Structures are given as structure tokens and as C-alpha cells.
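Chains as they are written, first to last, in my numbering: chain A, 1 to 84; chain B, 1 to 162.
Heads up, some of the hints might be wrong.
[Claimed, not checked] Below, computed lysine-lysine pairings styled on DSSO-like, alpha-carbon distance capped at 27 Å:
1) B:K22 / B:K67
2) A:K11 / B:K141
3) B:K22 / A:K11
4) B:K133 / A:K34
5) A:K11 / A:K34
6) B:K146 / B:K133
7) A:K11 / B:K67
8) B:K133 / A:K11
9) B:K133 / B:K67
10) B:K141 / A:K34
11) B:K146 / B:K22
12) B:K22 / A:K34
13) B:K146 / A:K11
To be clear, the hints were calculated from the coordinates, so they are not data collected in a lab. Every value quoted in this text rests on a predicted model; they were computed, and no experiment measured them.
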Amino acid sequence: MLHIVFFARVKEELGCPGLELQWSERCATVGTLKEQLCQRENGAWREVLCEENLICAVNHTVVDDAMALADNDEVAFFPPVTGG
Amino acid sequence: MVINPTPFLSVTIGEADFDIAKLQRSLQQGNAAEGAIATFTGYVRCDQFSGNVSAMELEHYPGMTQKSIQAILHQATVRWPVLSAKVVHRVGRLLPGDQIVWVGVSSAHRAAAFSACEFIMDYLKADAPLWKKEHSETGEKWVEAKSSDSGRASRWGEGDAQ
């Protein structure tokens, strides 16, 4: 399973804190996973997840869309950070 | 023979308020090796609010926030002769004037303490997974990231803090 989590404005706009997804070839990379997720809710998720500044972290490390995903990975999507 | 001590690093993320005098004392390990301590405290500021903003809420990514700031502290010890470095960052609901974040660094001499403290704060602002939301009578609004924050981090060069 892939453990997908959302934070801050992304979580709010999707109306969802996260989900579990069976790992498959269709979500073998961050990019293909995003494409899968964009199809949810009749495409309503696309606007949020296709945002240019969206950040993805796999197992607590920021990555780009080419990053390969393995079973049991934790994949987080969140907006640019504003701490401090 | 000179033995470089292993730097003492710590990161605390939580809702509880913090005591800056106690935190400063905790940067001294008891052998008087520290000739200098530099610290920074960040507060919830009034004029960053718009309208009738009454509170600031901070969200974080449990696990990653700690790891990210720990990596920044480690980078600081690679670049400067740091003896101790600590960060405390509050999350949850805060009010104007409340303490949000504290960074403290000890070193033998002041140049390293000053630089490392500023470096840590600049990278925390640019990289640490934390998000601020303003609450007011009229509703809620997520604070937007500023390009000046990522700009201040990149001025330290040598790639990112990871």
C-alpha cells in the first residue's frame, strides 16, 4: 500500500487528510501517482494536484515527479512552507 | 591532540510555550567551552495580520518537520564549529505577541555562533514543513510563502541544507 497524506491548504481543498492506495505500475512514480489522483472526484482533484508549486515528499524527503515509488512508501503533498 | 566534540543538537516541535532563559542555559554543557551563544526568538506579529485577525494557527508534518530541521542543524555543524544547536517551534493556535520559534547556537567564538544561528533560521523558513493560517472574525486564510524567504536561504550558497 502507498500511504498518501495531504497538508495545509492542499488537505483543505481536497477535503481529505489522506488515503491508502494499492501500489501498482500505474503509480510507479510520483508523476504517475499524481495523474491517478487527479482523476478522483470527477477531476476535481486535478486543479489542486496540478498546481505548479505543489511539493511532494516521499518518506520525509522532498522529491520531484520522476521519483520511483515502492510499496509501503509514505507520499505527502503540500503547499510551499510558511513556518518560522 | 585536539578532539572535536560531537555537537549537541535538538529539535522540539509542540504546542507548549518555551522559556528562552532556560533554553539559553541548556546550550552550555558545563565545561565552559562555549565562548559565545547566539539566539533568535520569533513572535506572532501584529501587522502581519489583515482585518480583524485574532489568532495564528500552525500546522506541521509529524516526523518530517523534525527530520527537516535536524538536517538543517547538521548542515550548520558541517559549515561552522558549533558546540550545541537547538530549535523549538510551536504549533497549534497562537495569539499576537506569542512566541513561535527559538533558535540557539553555542560555539567557542562569536562569528560561528552568529552565522550558524542566521543560517538555521533562514533554512527553517525556506524548507521546514510548517504552514501558518490566520484566523479572524470574517474567516480563515492560509499565509502565502514569500519568495524573499527562499531567497535568503539561497544566499548561503553551497546548495540546499539537505
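So, going through the hints one by one against the coordinates:
With a C-alpha separation of about 24 Å, the suggested pair B:K22 and B:K67 falls inside the 27 Å cut-off, and the hint holds. With a C-alpha separation of about 14 Å, the suggested pair A:K11 and B:K141 falls inside the 27 Å cut-off, and the hint holds. At most 27 Å may separate the alpha-carbon atoms for a hinted pair to count; B:K22 and A:K11 exceed this at roughly 37 Å. Restraint check for B:K133 and A:K34: the C-alpha separation of about 26 Å stays at or below 27 Å, so the hint holds.
Of the supplied pair hints, the one linking A:K11 and A:K34 holds, its CA atoms being roughly 15 Å apart against a limit of 27 Å. Restraint check: the Cα-Cα separation between B:K146 and B:K133 comes to about 14 Å, which is no more than 27 Å; the hinted pair holds. Pair hint A:K11 plus B:K67 holds up; C-alpha atoms about 21 Å apart against a cutoff of 27 Å. Taking the CA atoms of B:K133 and A:K11, the gap is near 13 Å; set against the 27 Å cutoff, the hint holds.
The straight-line distance between the Cα atoms of B:K133 and B:K67 is roughly 22 Å, inside the 27 Å bound, and the hint therefore holds. Proximity of B:K141 to A:K34 is assessed by CA-CA distance (about 26 Å); at most 27 Å being required, the pair is judged to hold. Of the supplied pair hints, the one linking B:K146 and B:K22 is violated, its CA atoms being roughly 32 Å apart against a limit of 27 Å. Of the pairs offered as hints, the one joining B:K22 and A:K34 is violated, with about 46 Å between alpha carbons and a cut-off of 27 Å exceeded.
Distance restraint check for B:K146 and A:K11: the Cα-Cα separation of roughly 21 Å lies within the 27 Å cut-off, and the hinted pair is therefore satisfied.
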